[in-house]
Amino acid sequence: MRYLKKIHFIKIVLLLLFASCSTVKPITVKEGKFYKGDRPYYFVGANYWYGPLIAAKNIGDRSRLIQELDEMKALGIDNLRILVGAEGGNEDFQVKPALQPRQGEYNQDLLDGLDFLLAEMAKRDMYAVLYLNNNWIWSGGMSAYLNWNGYGEVANPFLEKYSWEDYFNYTQQFHTCTPCREAFKDHVKFIVGRTNSYNGKKYIKDNTIMSWQVANEPRIFTEDDREPFKDWLDEVVDLLETLDPNTLISTGAEGKASYLQEIETYKMLHANPNIDYLTMHMWPKNWQWYSIDDEAGSTKTSIEKAYQYIDEHIEVAESLKKPIVLSEFGFPREKESLSLNASVENRNTFYKALFQRLEDSYKQQGVLAGVNFWGYAGIAKTDEVKGKWETGDDFTADPPQEPQGLNSVFSKDTSTLKLIKEYNDIVNKR
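What the sequence shown shows, in mature numbering (1 follows the signal peptide of the UniProt record, and there is no 0), is residues -26 to -1, 1 to 404, in sequence order.
Hints were generated in silico from the structure; no laboratory data involved.
Keep in mind the model is a prediction, meaning the values are calculated, not measured.
Just so you know, not all the hints are guaranteed correct.
[As the list claims (entries may be wrong)] For lysine-lysine, the following DSSO-like pairs were computed, each having C-alpha atoms within a straight-line distance of at most 27 Å:
1) K31 / K362
2) K230 / K159
3) K176 / K31
4) K309 / K259
5) K337 / K259
6) K392 / K259
7) K241 / K337
8) K10 / K241
9) K204 / K241
10) K204 / K7
11) K360 / K7
12) K386 / K360
13) K4 / K175
14) K392 / K70
15) K326 / K309
16) K4 / K179
17) K392 / K10
18) K(-2) / K395
19) K295 / K279
20) K337 / K4
21) K230 / K204
22) K279 / K7
23) K326 / K204
24) K175 / K10
25) K(-2) / K163
26) K295 / K362
27) K70 / K159
28) K309 / K362
29) K395 / K10
30) K159 / K179
31) K230 / K295
32) K295 / K403
33) K326 / K259
34) K159 / K241
35) K176 / K230
36) K259 / K395
37) K4 / K403
38) K179 / K31
39) K309 / K386
40) K176 / K159
Please build the complete structure, drawing on both the sequences and the hints.
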């Protein structure tokens, strides 16, 4: 309780500071490092994909947004990875409402929400990494574009009649679908060319947007997909560079897990000079490193495998002379419980191990520049019995198809929050 009172006191101080709007310094890349102004920039950030949804004027909850931004700022979190918006919204277990319910048509309330979120982040000297598409069906993404352009019903793997292999085979067609690619480029131009309705800043002039990210976990699905994928990725990266040469560009890749587990393919794809920094993701539960049957032992195994994965990708980043960010990682509560009363001891152990790697890089001025845990759910209310998200429920860090609260960090998770603040204090020393 004493720690929470301290957080609330800091929030009050921050609100007073916000009264005079800060000038956000640009994030640049020099010699394999991020710089904030003239100082190296390292960070413990968060995934906050649903930010524009709760920032929306009509369907959102702006009081919740403000509280959560203040909480994160008080913890030293100044880097948020955010979904620009969903597509379609007609499938089961999919984000609703969608920013783009139909191709080229936009939900104005959600565009307003994106503007409001960025304007509020600017007041707090925070940075946004905005991803523009999604490999996965939970926000529509590439599969929605295929459905819009005559490729038939989406092979939704959450329906009994489709498998994940069906979904992979369906979705990889995006890379060879010319009207899909053109429609997505139109979307990119529309978003990047936007002007914020709250502060009047053009997005291309707004330093709050640290990076445009091509997509969430874009991937090569099969051998036949190699060349089409590279052609598409280069096309989007080069378009972003043309539209906004002053904002950083990243791909949103999981690392080699996005590319048939081939580290050389990861390196080849990220050699494009218009890609400013590298990303990797890490999911011990999904990747079968962690087991509910041996939580202590598999947490240790998860850390060992995580370090191996990080080392492989750091080597690539060093060879390309680019920073790298661990931009997604999650870990469940004890016994994968959805109860906020369940222990987060194993999660904290895993988090601390990754934070220590960031600290080491900070001390050595290395290429590992940041980590974004998945994710911040703040004061969201969840139903530990129901589990999955339904329309009308609070948004949490967990996507709609996953148990709500499984990987989320809530405002009540004080031990985890203390850990986050501790390491942000370390890597933000001046």
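Verification of the hints:
1. K31 / K362: holds, 25 Å
2. K230 / K159: holds, 25 Å
3. K176 / K31: Holds, at about 20 Å.
4. K309 / K259: Distance of about 12 Å is within 27 Å: holds.
5. K337 / K259: violated, 30 Å
6. K392 / K259: holds, 24 Å
7. K241 / K337: Distance ~25 Å between K241 and K337 Cα, so the pair holds.
8. K10 / K241: holds, 26 Å
9. K204 / K241: holds, 12 Å
10. K204 / K7: At roughly 26 Å apart (the allowed maximum being 27 Å), K7 and K204 satisfy the hint.
11. K360 / K7: violated, 44 Å
12. K386 / K360: Roughly 20 Å separates the two Cα atoms, so the pair holds.
13. K4 / K175: Holds - the C-alpha atoms of K175 and K4 are around 26 Å apart, at most 27 Å.
14. K392 / K70: violated, 33 Å
15. K326 / K309: Holds, at about 19 Å.
16. K4 / K179: The hint holds at about 20 Å.
17. K392 / K10: holds, 24 Å
18. K(-2) / K395: This hinted pair holds, its Cα atoms lying about 22 Å apart.
19. K295 / K279: Distance of about 24 Å is within 27 Å: holds.
20. K337 / K4: Roughly 17 Å separates the two Cα atoms, so the pair holds.
21. K230 / K204: Measuring from Cα to Cα gives roughly 14 Å; hence the hint holds.
22. K279 / K7: Holds, at roughly 25 Å.
23. K326 / K204: violated, 35 Å
24. K175 / K10: Measuring from Cα to Cα gives roughly 20 Å; hence the hint holds.
25. K(-2) / K163: holds, 24 Å
26. K295 / K362: Not OK: K295 and K362 at ~42 Å, beyond 27 Å, violated.
27. K70 / K159: Holds, at about 23 Å.
28. K309 / K362: holds, 17 Å
29. K395 / K10: Distance ~19 Å between K395 and K10 Cα, so the pair holds.
30. K159 / K179: Measuring from Cα to Cα gives roughly 20 Å; hence the hint holds.
31. K230 / K295: With a Cα-Cα distance of about 18 Å, the restraint between K230 and K295 holds, given a limit of 27 Å.
32. K295 / K403: holds, 24 Å
33. K326 / K259: Given that 27 Å is the threshold and the Cα spacing comes to 17 Å, the pair holds.
34. K159 / K241: holds, 25 Å
35. K176 / K230: Distance ~35 Å between K176 and K230 Cα, so the pair is violated.
36. K259 / K395: Cα-Cα ~25 Å, so holds.
37. K4 / K403: Judged against 27 Å, a Cα distance of about 20 Å means the pair holds.
38. K179 / K31: Holds: K179 and K31 sit about 24 Å apart, inside 27 Å.
39. K309 / K386: holds, 19 Å
40. K176 / K159: holds, 19 Å
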